[in-house]
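Residue numbers (this note's numbering), protein chains in the order written: chain A, 1 to 517; chain B, 518 to 886.
Simulated from the structure, these hints should not be mistaken for laboratory data. The beta carbon of each residue, even a glycine, is placed where N, CA and C say it ideally should be. Just to be clear, a hint being listed does not mean it is correct.
Once the Cα atoms are required to be at most 30 Å apart in a straight line, the calculated DSBU-like pairs of lysine-lysine come out as [claimed, not checked]:
1) B:K705 / A:K349
2) B:K871 / A:K50
3) A:K276 / A:K50
4) A:K10 / A:K189
5) A:K349 / B:K871
6) A:K276 / A:K69
7) B:K754 / A:K379
If the Cβ cut is set under 8 Å, some of the chain A residues that face chain B in the computed set are [stated by the list, open to error]:
8) G67
9) L70
10) S74
11) A328
12) I333
13) T350
14) V353
15) S357
16) L364
17) D371
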Amino acid sequence: MTTAPAIETKDLCKRFGAVQANDNISLFVEQGTVHGIVGENGAGKSTLLKMLFGFYQPNSGDLIVNGQKLDLDSPSDAMAAGIAMVHQHFMLVEPFTVLENIILGAEGQGMLDHAKTDARAKLLGLEQQFGFDLPLDTPVSQLSVGERQRVEILKALFRGADILILDEPTAVLTPQECDQLFELVRLLKSRGKTILFVTHKLHEIMAITDAVTVIRAGKVITRVATSDTSPENLAEAMVGAKISRAVERAGQEHGAPRLRVDGVSAQSDLGHTALKNISFELFDGEVLGVAGVAGNGQTELLDVLTGLRPVSDGTVTLGQELVNSNEAMTDPIELRRAGLAHIAEDRLKTGVVADMSATENSILGYQREPDFSENGLLKLSAINDAAHSYFESQDVRPRDPSLAVASFSGGNQQKLVIARELARDPQTLIIGQPTRGVDIGAVTKIHDQITELRNTGKAVLVVSADLDELMAISDRIIVMCEGEITGTVDIQDADERTIGLMMAGAHAEATTEGAGL
Amino acid sequence: MSASAKKLPGAVEAIAMPFLNTLIAFLLSGLLIWALGEDPFYALSLLFDGAFGYQEGIGYTFYYATNFIFTGLAVSVAYHAGHFNIGGEGQAMLGGLGLTLAVFWLGDTAPVLSVIIAILGAALFGGAWAFIPAWLQATRGSHIVITTIMFNFIASALLAYLLVGPLQRPGGQMPESSDFPEGAGLMKFDELMSVLGFSFEQSPLNVSFLIALLMALAVWFLLTRTRFGYEMRVAGKNQNAAAFAGVSVPRVTIIALMMSGALAGMMGLNELLGEQLRLIGNFTLGYGFVGIAVAFMGRNHPLGIVLAAILFGVLYQGGAEIAFEITTISSDMIVVVQGLVIIFAGAMPHLMRKPVTAAYARLIGKGAA
Chain A
1 MTTAPAIETK DLCKRFGAVQ ANDNISLFVE QGTVHGIVGE NGAGKSTLLK
51 MLFGFYQPNS GDLIVNGQKL DLDSPSDAMA AGIAMVHQHF MLVEPFTVLE
101 NIILGAEGQG MLDHAKTDAR AKLLGLEQQF GFDLPLDTPV SQLSVGERQR
151 VEILKALFRG ADILILDEPT AVLTPQECDQ LFELVRLLKS RGKTILFVTH
201 KLHEIMAITD AVTVIRAGKV ITRVATSDTS PENLAEAMVG AKISRAVERA
251 GQEHGAPRLR VDGVSAQSDL GHTALKNISF ELFDGEVLGV AGVAGNGQTE
301 LLDVLTGLRP VSDGTVTLGQ ELVNSNEAMT DPIELRRAGL AHIAEDRLKT
351 GVVADMSATE NSILGYQREP DFSENGLLKL SAINDAAHSY FESQDVRPRD
401 PSLAVASFSG GNQQKLVIAR ELARDPQTLI IGQPTRGVDI GAVTKIHDQI
451 TELRNTGKAV LVVSADLDEL MAISDRIIVM CEGEITGTVD IQDADERTIG
501 LMMAGAHAEA TTEGAGL
Chain B
518 MSASAKKLPG AVEAIAMPFL NTLIAFLLSG LLIWALGEDP FYALSLLFDG
568 AFGYQEGIGY TFYYATNFIF TGLAVSVAYH AGHFNIGGEG QAMLGGLGLT
618 LAVFWLGDTA PVLSVIIAIL GAALFGGAWA FIPAWLQATR GSHIVITTIM
668 FNFIASALLA YLLVGPLQRP GGQMPESSDF PEGAGLMKFD ELMSVLGFSF
718 EQSPLNVSFL IALLMALAVW FLLTRTRFGY EMRVAGKNQN AAAFAGVSVP
768 RVTIIALMMS GALAGMMGLN ELLGEQLRLI GNFTLGYGFV GIAVAFMGRN
818 HPLGIVLAAI LFGVLYQGGA EIAFEITTIS SDMIVVVQGL VIIFAGAMPH
868 LMRKPVTAAY ARLIGKGAA
């Protein structure tokens, strides 16, 4: 084949102040292929994508689309060149129907009805061609996450895109929805579309791509045909060294029950029922994973366990103490004093105050402990010492606690939070999304620390949207769907398929029956 | 340097930027004065002569500044707790009422004690006037901007009623109270100076300036040294993180806004207990609103607020001098100049950030090379 590559970049550079986000990125993506781009958080993937989609303009270097050198000044330039992007967070107007969302930005003249009629005809053709089955007149708010993603893709096709950039498309999907997405990607490829598939999940790269480019620290490390590489090789290219878990799970039996959740129901912020009659126990010396598609009650569960949300029914008991019932809720300060630490799932929203210094953040939640304040006055030198020791113990960089938390990378912010929460040797840990927005090198260290806590007899509950993560560190996994526990599995019996079905709402009995048939 | 090059060092940030903004406002004002056919440099010299050229002028400058320190601090305390208290006017009026009641209650029998009670009364009434909006905000989510501005009108009406009714000077025609009893007032600065063996021209400047400075120090201490100040700032920046840290956001909101109201209420000490020695209607003259500009120009830092308050003192006193000396420049023109300073230094604090950052980066680059 002698056709020009769909996308080719030559020595693309982009810097932000002192940070060289993209350093001489040269890559090419052949027509009609699925091309993977992998790299750690902060490797420069998003910067590259944003240049390809016209959000950013490169400082130097060339961007060549279908053999033509282009200067993309805005996303509309990119769309005119046939490039469309499906963002990780969908850009849809929820109360609008599918049809209205798709024509948004391409409504044509003053009268909407014309545009709608024309669009409907064109969309029906596209739906047939690519095997979509989306209800055009249903509001997007009534669609599942997977369906919304297909709306985004259909929208891109409607605009005449030939090159689709999918940014972390599987992050929000159940395993079954992922399978459907992969089918669609293969179909798109067979119809001649070119797809850029950006992810950090290596098995997806292996499953769906034809070739893959690995980016590390703003540079292209390697470009290989997928058939010539392995997940291990890719991981090594991503982080620059072989990553290995240093801490193994000691084969101990778990200890006594530490945290008991009994028949708990609770409401979401909007007043909907978010938890329905949840019961489980967390034992000393175990890691209990909580799996589920984001938004199925995990956030409310974390709140209920950590004294941030009252229950409407049921009880939460820590050791012998009743800590949450519809009569009373122990506040977070008392819970911490009772040995329960909480690493919040949304760091920037809850776990830190981003524009206060790391020093000030290192006492958040512990500001009333006698070593940090007395008679209403802060003990500034003790606080300073604590911050420095936290930076030391978790190797937070840069080593300057006077900087605002916002100026640290996600991984370093998380290290600071972990240091703060582990400082008082808590017996119980409630962790939400332990490695969200954390780079791979730090991920391993965090997993090791969690395992170590478990090995020393602590009770650890981990909520994560990343099933691989839970499979790697948990002793048991409970699965949540629509505020209910749809199943509990021991790690030795856990397989992604069954858990995936439970995440989609099938109860444990049903899935085992299904397996039996 | 691993620290982000986008950040400016504290000194540049806190001093150079407001200075540049003020400079732009002055340049524009100069152009306006020039367009009126007057000499801007003469006007500028009048401004500074009027404000600092003679002792009485200095007295007036710092007398005005005292008001702005109180109201500026009031705005900043609420701001650090995440709220925008624009009820300084009303809280100051009620503070004035509180101190008036105290001196009429005790002034005849124990003037000195009455002054002490009056100081507390000013703070207490100002704080209490902020309590209702604060409570509505904390428990019902009623927006503090709306409620405090409404409470300004209520305070104004209440004072008007009292001053043509029960509190009016017997037989008087003006909306004002009787004079405070003899001795029930704050010491004038010139009196203080003569006690200390110096001489200073008579002016309205009185010891409430020192009380204001003390309050600035207290606010600084509250914000940086106390646990409550810490929890208040956490709640002001991130309510979720505050809940996570076990801080009761409604409680912090109510206390912080009451502190804010108390500071605004203390403005009456300067105007009434220091100078007028009687309660007069609408004595606040918009100082509560100027406090917003002062707080923002001072970057909500107590020291910055004191400096910004003095600048506004200069504008008020020196501006009056200009209006007096140059007939084509009316006092309305002086309000325009004040407005320009508020716009550039208060409302657009980041206007010069890019060029300053670039200039600073070049400077550092040179230094390193």
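Each hint, compared with the structure:
Distance hint between B:K705 and A:K349 is unfulfilled; the C-alpha atoms sit about 51 Å from each other, more than 30 Å. Proximity of B:K871 to A:K50 is assessed by CA-CA distance (about 24 Å); at most 30 Å being required, the pair is judged to hold. Proximity of A:K276 to A:K50 is assessed by CA-CA distance (about 41 Å); at most 30 Å being required, the pair is judged violated. Our distance criterion of 30 Å between C-alpha atoms is met by A:K10 and A:K189, whose separation comes to about 25 Å.
Restraint check: the Cα-Cα separation between A:K349 and B:K871 comes to about 28 Å, which is no more than 30 Å; the hinted pair holds. Distance check on the hinted pair: A:K276 and A:K69 sit about 57 Å apart at the alpha-carbon level, beyond 30 Å; violated. Distance hint between B:K754 and A:K379 is fulfilled; the C-alpha atoms sit about 22 Å from each other, no more than 30 Å. Below 8 Å, beta-carbon pairs count as interface contacts, and A:G67 has none with chain B, the closest being about 38 Å; its hint is therefore violated.
A least Cβ separation of about 29 Å between A:L70 and chain B goes past the 8 Å threshold, and the interface hint is therefore violated. At a threshold of 8 Å, the smallest CB-CB gap from A:S74 to chain B is about 22 Å, leaving the interface hint violated. Hint on A:A328 is violated. Least Cβ distance to chain B is approximately 15 Å, over the 8 Å limit. Interface hint at A:I333: satisfied, since its Cβ lies 4 Å from the closest Cβ of chain B, which is below the 8 Å cut-off.
A hinted interface residue such as A:T350 counts as satisfied when its beta carbon comes closer than 8 Å to some beta carbon of chain B; here the least separation is about 4 Å, so the hint holds. This hint holds: A:V353 has a C-beta 5 Å from the nearest C-beta of chain B, less than the 8 Å allowed. Hint status for A:S357 relative to chain B: violated, with the closest Cβ pair at about 11 Å, above 8 Å. Hint status for A:L364 relative to chain B: holds, with the closest Cβ pair at about 5 Å, below 8 Å.
Interface hint at A:D371: violated, since its Cβ lies 13 Å from the closest Cβ of chain B, which is beyond the 8 Å cut-off.
Figure legend: structure checked against the earlier numbered hints; hints not met, in rising order: 1, 3, 6, 8, 9, 10, 11, 15, 17.
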